[in-house]
Amino acid sequence: MEGENAVMHRILGPGRLAALALLALTTACASPEPPERAAFIPARSPAPAREQAPELASVCPLLRDAPAPIQADITGGAGACPVTAAVQTAMPRSAAIGEDELNTLRSDIARAVAEHPRECVAELGRELVAATDCGIVYDAVAVRILTSPAVDPRLAAGELLRPAQCQWKLLSALRESTSIDPTIAATLLGLTTSADEDVRKAAWMTLGTVGRLARESARPELFACIEEHIASELRSPTDTLRPVLIAAAGNAGCERCGDQLHALLASDDGAQRRLGVTALRFLPGERDVAALCRVLLTAPESSLRGSAAFALRHGREQLERRLACLFEAATEDEAEFVSRDAVTSIAELASRSELGVGTLVQVVRFGAHESARAAAASALRAFATEEAIAELLNAPPAPAGGAGP
Amino acid sequence: MKNVAFVVAIGAVLIAGTASAAPLGVNVKKTTVLEADVLTPSTKHSAASLQKRLPSFDLNRSYKTAGGATITGRQYLEVVNALQAAADKAGCTLGTKKSCNFIASEAKLSKAGLERVANLATLKLAIRKLPTPVKLGKPEKAAKAPLGFSWSNEWGTRSRAAVYAGAEFGTDGSTSSSSCGGAAFAGVFVFNRQKEVLRLEGEARAAASGASASVSASSELFVLGDSVWSKSGSFTATPLAFEKSFSVSKSFTYWGLITINLAAKTTASAYISGSLGGTASAGAYSCSVNMTPGVRATLGGSAEVAILGYGDISAGAVGVEADVTLADVSLPIKASATISSAGSSVKFTETLQVDLAMKYLKGSLDAYFKTVIPLDGESILDWDNDKFTFTLIEFDGYSYNHTLFSKSAEQTL
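In order, the protein sequence lines correspond to chains A and B. Using our numbering, the letters of the first sequence correspond one by one to residues 1 to 405. Using our numbering, the letters of the second sequence correspond one by one to residues 1 to 413.
Read the hints as simulated data drawn from the structure, not as lab findings. Some clues are possibly wrong.
[Stated by the list, open to error] A few chain B residues facing chain A, derived, Cβ under 8 Å:
no., residue
1, Ser110
2, Leu120
3, Ser159
4, Gly182
5, Gln194
6, Glu201
7, Ser218
8, Ser227
9, Phe242
10, Thr267
For each residue, glycine too, the CB sits at the ideal point set by N, CA and C.
Construct the entire structure; sequences and hints are all you get.
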């Protein structure tokens, strides 16, 4: 317990920790539930798993001084939130629920949470704690509680702290957030030291996603905090966490992790090389895109080249360089599926740029395999008339030159 | 039950909510409308004809619309004639409180446009010829032509809505190792924007490692580019689902008059279950994959509709009716590879099976506005509740269940 308190002190600060403890105690004392139910009350917080827990002193002020999470009283009765009964019925039937029912449930939950945020967080939060099926319905509820604009981020952060079988899944629902709050980020950071390995892993991976979302939503200072933390952990990771930290760095587009990620590409272990390739997908630098291109065009393993083609479709920077090497793969790779993966990535980039559309035209003319040429022609139908494509297909190919098409 | 978005607020062009409505029905006439279409009304309203309905009507007078904007009588007359022409084209009569339905078609690049972007690519992409991939030497004796499977397919129309799925899996073996692995993926296109909802990458390898034997395995699940689940070592995954939404904005302009700004929202759940692992002992190494990745995706949306020159048609109801199942697709994948000592030689056995089960592309997405456009407080034409509908996406619904690949093989190394 001493360790737990120490971690919570570091995460929340002594004042907020006391408030949280008081909240938990009050909640527990007020509980009319039998002991089994009371066990769900978050009387404890995540325990530290190891010595390298994030030191508060090294956490930037934005996270260190973030407002403390608050927790809804989940011990009350049901009825104030209009969808509780429907969720109770649907939750155990995740695998069998129909699309219409699921869509209606999603809409109903979203409306209920918007209209009764505190009541629904309390009642649905209790269902999430009790859930043993972390399936499609659990996710539908989790996403709407955690990402509704009507829910106070401190209240959402409080839900993240409740120990439960699907707690790790709850954390991962934050990927749907459109705006990132420092309290949420600080809570995730605290959960990276949870005693539950699945929670720890989900916290890191989600923290990476949250970091990228912060950058995309013009919160560079928050992104920098998170990026530095992931980079710091990645410098001396435990064996268990290493792949997860790499995935977190990949989700974040962690530029400060670049050296560690690039080093993976030279590993003897194919799985490590693959992790490194996919983790570079959001990195914007010239050397990052160049490294992915090198793998795409020279890796002996076709599956690794396929991963590189997949990775290259994600970033928004270095578009010309990305298209150039994807074109090379689409027109040169001996493995048919790599060639097609490259076409898929070019098509993705074509939806953002005319240059991509032009590259598709050139793949139609010079694709390495018939299926790659057909895939490019199919992709072109999104941008050009059938007549134009037919004429293109019937036209004699232009002479291939040293500089490409 | 059809999920429907409808207008819930007055004072804005559109706010989408959720309610129920009947589908258009098979007997409702629909007319294709291209963005480049020009309207030619068969019956033309004039200032004089409008003055018969509202004696104070004047082309030069400014009127206040219900939304607070101002519009001249001349602008109003232009809108009236354009909508009358649109109704003519659809074969419907305004004032009957019925729908005019249009299947929307959009502009695309012509051959000249295509050549222009192709030349742009030639000029801009300084394509370097990089070294040909180097083949790693294999010191031990490797399996000949191990099983491999690569497949992908696509359904629908990318410029509206389409779904795709694919897999690349294979087995391999040598005298000292066996491996199984690859990738599976599924995604959607909505108005040309590609979103790979799911990509599962996984591999397992059992091998001699010096004097001992080892099993290594890793798997990673990406949902719309985010890594949401990662495992190292052998594992069994109970059914998991990861929901993710994304919106695609798209504008459609018809007759130079009506602009529909659509925000199409796709809600997708990527799901996964199964196991991946292997066993290794002296003289026997095996790996196995038994994974089922899948995607369920639906489409909804909201819209804004503007009529040129008329400002906000805030008194008009504008919205989206959407009930589109893009896909419910799963790709059960089973692969195994085993090497075992067989006397003085080594036997390599492998199996690979990939199935596809899917229901896809069912329903429609319509944007509409109601012609409640008389000037504020002045009913000139009795068009209340006549409705212009633009069908942007429409599918009948399909299902497909098929074994994509199934093969077993055995060889002596």
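- [ ] Determine which of the earlier numbered hints do not hold for this structure and return their numbers in increasing order.
- [x] Of the numbered hints, all hold.
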